[in-house]
Amino acid sequence: MTIINAAPLVRAIDIRKTFGDFEALKNVTLDIRRGEVVCVIGPSGSGKSTFLRCINQLEQIDGGAIWVNSELVGYRRDGQKLYHLKDHEIARQRRSIGMVFQRFNLFPHFTALENIVEGPVQVLGEEPGQARERARALLAQVGLADKETAYPSQLSGGQQQRVAIARGLAMRPDLMLFDEPTSALDPELVGDVLQVMRDLARSGMTMIVVTHELAFAREVADRVVFMDRGEIVEVDRPEQLLSTPKHSRTQEFISAVRV
Amino acid sequence: MTQTATMAATGPGELPADEFRIAHYTIMPQRHYGRFLAAAAILAILAAIARAFAMGDIEWRYVGMFLTAPAILHGLANTIVLAVFAMVLGIVLGVVFAVMRLSKNPVLRIVAIGYVWLFRAAPALLQLLIWFNLALIFPRIAFPGLFDVRTVDVMTPFVAGLLGLGIQQGAYTSEVVRAGLQSVDQGQYEAAQAIGMTRMRMLRRIVMPQAMRVIVPPVGNEFIGMIKLTSLASVIQYSEMLHAAQTVYYANSRVLELLFVASIWYLGIVSLLSFGQSFVERYFGRGDRGGRR
Chain V
5 MTIINAAPLV RAIDIRKTFG DFEALKNVTL DIRRGEVVCV IGPSGSGKST
55 FLRCINQLEQ IDGGAIWVNS ELVGYRRDGQ KLYHLKDHEI ARQRRSIGMV
105 FQRFNLFPHF TALENIVEGP VQVLGEEPGQ ARERARALLA QVGLADKETA
155 YPSQLSGGQQ QRVAIARGLA MRPDLMLFDE PTSALDPELV GDVLQVMRDL
205 ARSGMTMIVV THELAFAREV ADRVVFMDRG EIVEVDRPEQ LLSTPKHSRT
255 QEFISAVRV
Chain P
44 MTQTATMAAT GPGELPADEF RIAHYTIMPQ RHYGRFLAAA AILAILAAIA
94 RAFAMGDIEW RYVGMFLTAP AILHGLANTI VLAVFAMVLG IVLGVVFAVM
144 RLSKNPVLRI VAIGYVWLFR AAPALLQLLI WFNLALIFPR IAFPGLFDVR
194 TVDVMTPFVA GLLGLGIQQG AYTSEVVRAG LQSVDQGQYE AAQAIGMTRM
244 RMLRRIVMPQ AMRVIVPPVG NEFIGMIKLT SLASVIQYSE MLHAAQTVYY
294 ANSRVLELLF VASIWYLGIV SLLSFGQSFV ERYFGRGDRG GRR
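Residue numbers (the numbering used here), protein chains in the order written: chain V, 5 to 263; chain P, 44 to 336.
These are calculated hints, taken from the structure and not from any lab test. Take these hints with a grain of salt, some might be off.
DSS-like cross-link-like pairs, simulated, lysine-lysine; straight-line CA separation at most 25 Å [unchecked claim]:
1. K90(V) with K250(V)
2. K90(V) with K147(P)
3. K30(V) with K85(V)
4. K147(P) with K85(V)
Go ahead and model the full structure; you've got the sequences and the hints to work with.
This is the structure in structure tokens:
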């Protein structure tokens, strides 16, 4: 048991991803321990979102390998040969990974509660009554206990994003991925979403957060990853990386963001 | 010039001069004389047409008499049955082939493209005739160990009509469904995948319900088209409405009267369908009304 727990929850080794001629990721290698909160920062087009999307196979990697929970992502191994996983096997691997999108992507034809219940009932086969019970608790946890019957179109951006977080948590994931969760929000709505994420981080959830909120990264992250042009340039504790970055590209980015 | 002068004199934060305070003025309603004229002209034309029909060589009492005649009602029922079943077949085929068309599997994709190409190309009437005469190509239809029948026994006018109309309808509907599936935001597909849904479950639970908003209006349109398309099946001796009307007027020579009877029923069904469509649209539009966006 100890050996499994000591293994990193996410292990990415030499990840490569290209879109046509564009190299979105060049040999990205990173380990993430269980319970760790890692914030990924960097200029747009640096590959941060692509990296996140490769972890739950919304993008297929062109090289390297990713392990989540010591399980190889996207392939079945047989000796020295790798076979692509089938649709339902990929779906099974994604169950243990929650994802929160920049544009929320709530299901518009479902109410807030139905959005949260959908995964547990349809995918995990949970009993609907119990799933609703737990969905209510999750809504309360993100501060939206009174919005159970609201459709996404009746919620503000910040409220939608908190429902989206609850939807991810309802799957009891080992890992939560956040892809610029506050970038599409009006400034006054950012705080509530970050508070929910802060609480989640304190509860011990393993989180990878692509973000432009450097203050949030400094406060919550165990480590900050700086990416630029498809590479991981620097990884360090937030107080180190954000205050006294070693690499000149990191310095440039941090000072440019800090205007 | 005086106004600009006054405005210029009014500095920021100061109250505007009295000449700009016109909130108590009366707003006069617009007069649409053109609309009255157009409406009058249309009414006059309608009256003239109605008069022509009333004066024409039509015995209107025959229209009333045959409107509920058993033969006509039988034809009406057959029309509705064929239209509904052909449409159901068309929708099922349409969904299946649209999903195939958008599949990653090139074999499925090409089969779907071929299906749409073939069954949209041939006229519906021609397809009905081919199905009805299928026995000339396949004298028997058999599945080893399960059944073995003569094609002429199976290919009744109803079955030929159902296959002919339903299969060509599927080709049209699959294009409508494809447009619907493609109208759903990419983020919805990703969110469904991210909670671990398989492709089929995602299509059923997340994508199709949202695509329905785009799919329902044109499919309603095509359902209405189908009601009228069933009249083609009169050619292969299926006793739908037009066939029933014809059978009657071959006997009593009241041609126009019976054609009017059929028209009235077609008008009735289509009106009912249009009404029903608005309810279906409201159902699939839930969640995008009465809220902020």
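Comparing the hints with the structure gives:
1. K90(V) with K250(V): 43 Å, violated
2. K90(V) with K147(P): 12 Å, holds
3. K30(V) with K85(V): 23 Å, holds
4. K147(P) with K85(V): 23 Å, holds
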